[in-house]
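Asker: In case you want the letters, here they are:
4 protein chains.
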Amino acid sequence: MTPPSNKTDSLEALRERLRNFVRERDWDQFHSPKNLAMAMIVEAAELVEHFQWMTEQESKDLTPEKLAQVEHEIADTFVYLLRISEVLGVDIIQAANRKIDLNALKYPVEKARGRNTKYTEFE
Amino acid sequence: MTPPSNKTDSLEALRERLRNFVRERDWDQFHSPKNLAMAMIVEAAELVEHFQWMTEQESKDLTPEKLAQVEHEIADTFVYLLRISEVLGVDIIQAANRKIDLNALKYPVEKARGRNTKYTEFE
Amino acid sequence: MTPPSNKTDSLEALRERLRNFVRERDWDQFHSPKNLAMAMIVEAAELVEHFQWMTEQESKDLTPEKLAQVEHEIADTFVYLLRISEVLGVDIIQAANRKIDLNALKYPVEKARGRNTKYTEFE
Amino acid sequence: MTPPSNKTDSLEALRERLRNFVRERDWDQFHSPKNLAMAMIVEAAELVEHFQWMTEQESKDLTPEKLAQVEHEIADTFVYLLRISEVLGVDIIQAANRKIDLNALKYPVEKARGRNTKYTEFE
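Going down the list, the protein sequences come from chains A, B, C and D.
Sequential numbering from 1 applies to the first sequence in our numbering.
Sequential numbering from 1001 applies to the second sequence in our numbering.
Sequential numbering from 2001 applies to the third sequence in our numbering.
Sequential numbering from 3001 applies to the fourth sequence in our numbering.
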């Protein structure tokens, strides 16, 4: 019988790698949710930095070199987001699915279509 | 025969939900990488906000109510991170694995163990 | 003779108000540089939030209502920036002047004119 | 007769330097409020980065070298905050004073003393 595709648990495999990476370096002591949230927003800002002087169109047409840099910042942000989920015991996939359920209520298709308005500002 | 666990593609299923959510609302027009990076850091900051006046220890001992709020902010940040990966064609799992490979070189166990120092500051 | 304009020390007067505000509420205990930096970026993100789905042009043409909201976020960010300067003993005006001196060296007019390139990327 | 202290308008002098700096480099074209808000939060994050793995106590006891670095990030954040105020026509001192007036109402001394609770959470 063929084993299940390793795509099955690619996210779980990544989480496991991260756990080991941190444990080997004895970094758990620094990984409080407070500190991880700070580290995460710092990486998020490095992603923002790439786009700050670009037009929206330019941000869609990245050179391969720029895209590779952007990819690293996405990865760094994701890694800290996984770590913070880990130390808080949050299932990030489930959390996202629940949030989409909520957003579907806050942004019903008929009201939100084509509008960039926050739901609290719907008249 | 039992179908494969839907955990197999839980991340892909989430991405698909997001794609549909955005398409139904005709929000692609707002989802340039530049704008998504902004939206993402705004959500990241809402996560930071929960922890700003807490001690590190307090950030580890969240009440269930606070944890539920934190979970929503993690989800929001993750959702925008997935969206930006989507519009840029980035495989977020692969990107994270590559970054961990690089970090393993920048932070070798013997140098990094128990230290909170940036690799550029290793003497 | 007219007294000196109270514009003389409007920044110092503001700092003094902030010191008193914090002292009366016994908030110094929470105002470590670490915490203030977190609070500051949270306010900065609230400023970013107003602009995330706007075009650049829209961000220049704010309605009076939107401008008033933006003004509050600028104020909040500034207040925490003053607080962090205060607790660290940084003269924010002097620091800014020094940084402009440095930037003038990093971005000489003839190289930087009309370009949105980071100085490390000048060829 | 001695001229008025140039401290009188140190903030105005700084704003004027910034205006000239930007004009000489023809950077006004990039300085939409949207872009400046992004640049500002990027600098704010560089400030946060210095503190992310420190304890609160460590963030109070910076070495002179670290303090000098922190000072640069404070300056960068301040510079973009002044720029965004400039392009939007906001008087940053007045805005801060107004915000403190509001905060004094939201956080009355008797309710807020010694508490790190957001005003919306006062019981």
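Because the hints were derived from the structure by calculation, they are not lab data.
For glycine and all other residues, C-beta sits at the position ideal for the given N, C-alpha and C.
Don't take each hint at face value.
To be verified - Partner residues aside, some chain A positions facing chain C, computed with beta carbon under 8 Å:
no. : residue
1   : Leu-102
2   : Asn-116
3   : Tyr-119
As the list claims (entries may be wrong) - Derived PhoX-like pairs: lysine-lysine, alpha-carbon spacing no greater than 20 Å straight-line:
no. : chain 1 : residue 1 : chain 2 : residue 2
4   : C       : Lys-2099  : D       : Lys-3118
5   : B       : Lys-1099  : B       : Lys-1111
6   : D       : Lys-3118  : D       : Lys-3099
7   : C       : Lys-2099  : C       : Lys-2118
8   : A       : Lys-118   : A       : Lys-106
9   : A       : Lys-99    : B       : Lys-1066
10  : D       : Lys-3118  : D       : Lys-3106
11  : A       : Lys-118   : C       : Lys-2066
12  : D       : Lys-3099  : D       : Lys-3111
13  : C       : Lys-2099  : C       : Lys-2111
14  : C       : Lys-2106  : C       : Lys-2118
15  : B       : Lys-1118  : B       : Lys-1099
16  : D       : Lys-3099  : B       : Lys-1066
17  : B       : Lys-1118  : D       : Lys-3106
18  : D       : Lys-3099  : C       : Lys-2066
19  : A       : Lys-99    : A       : Lys-111
20  : A       : Lys-66    : C       : Lys-2118
21  : B       : Lys-1118  : A       : Lys-66
22  : B       : Lys-1106  : B       : Lys-1118
23  : A       : Lys-118   : A       : Lys-99
Asker: Hinted pair, alpha-carbon criterion (20 Å max): Lys-3118 (chain D), Lys-3106 (chain D). Please report holds or violated.
Answerer: 9 Å, holds
Asker: Run the distance test for Lys-1118 (chain B) versus Lys-66 (chain A): straight-line Cα separation, threshold 20 Å.
Answerer: 24 Å, violated
Asker: For the pair we were handed, Lys-3099 (chain D) and Lys-2066 (chain C), check the Cα-Cα distance against 20 Å.
Answerer: At roughly 16 Å apart (the allowed maximum being 20 Å), Lys-2066 (chain C) and Lys-3099 (chain D) satisfy the hint.
Asker: Holds or violated: is there a CB of chain C closer than 8 Å to the CB of Asn-116 (chain A)?
Answerer: Holds: closest Cβ of chain C sits about 4 Å from Asn-116 (chain A), inside 8 Å.
Asker: Between Lys-118 (chain A) and Lys-2066 (chain C), is the straight-line Cα distance small enough, at 20 Å or below?
Answerer: Holds, because 13 Å separates the two Cα atoms, which is no more than 20 Å.
Asker: Assess, step by step, whether the Cα of Lys-3118 (chain D) is no farther than 20 Å from the Cα of Lys-3099 (chain D), and give holds or violated.
Answerer: Holds: Lys-3118 (chain D) and Lys-3099 (chain D) sit about 16 Å apart, inside 20 Å.
Asker: Measure nothing beyond the straight line between the CA atoms of Lys-1106 (chain B) and Lys-1118 (chain B); if it is 20 Å or shorter, mark the hint as holding.
Answerer: Holds. Lys-1106 (chain B) to Lys-1118 (chain B) sits at ~9 Å (cutoff 20 Å).
Asker: Taken at face value, is the distance from the CA of Lys-111 (chain A) to the CA of Lys-99 (chain A) at most 20 Å?
Answerer: Distance ~18 Å between Lys-99 (chain A) and Lys-111 (chain A) Cα, so the pair holds.
Asker: Do the alpha carbons of Lys-118 (chain A) and Lys-106 (chain A) lie within 20 Å of each other, as the hint requires?
Answerer: Holds: Lys-118 (chain A) and Lys-106 (chain A) sit about 9 Å apart, inside 20 Å.
Asker: Given the hinted pair Lys-1118 (chain B) and Lys-3106 (chain D), is their Cα-Cα distance within 20 Å?
Answerer: Roughly 40 Å between the alpha carbons, so the hint for Lys-1118 (chain B) and Lys-3106 (chain D) is violated.
Asker: Next pair to validate is Lys-2099 (chain C) with Lys-2111 (chain C); report whether the Cα-Cα distance is within 20 Å.
Answerer: Status holds; Cα separation ~18 Å.
Asker: Does Lys-3118 (chain D) lie within 20 Å of Lys-2099 (chain C) when you go C-alpha to C-alpha?
Answerer: 35 Å, violated
Hint compliance for this structure: hints 1, 3, 4, 16, 17 and 21 are broken, all remaining hints hold.
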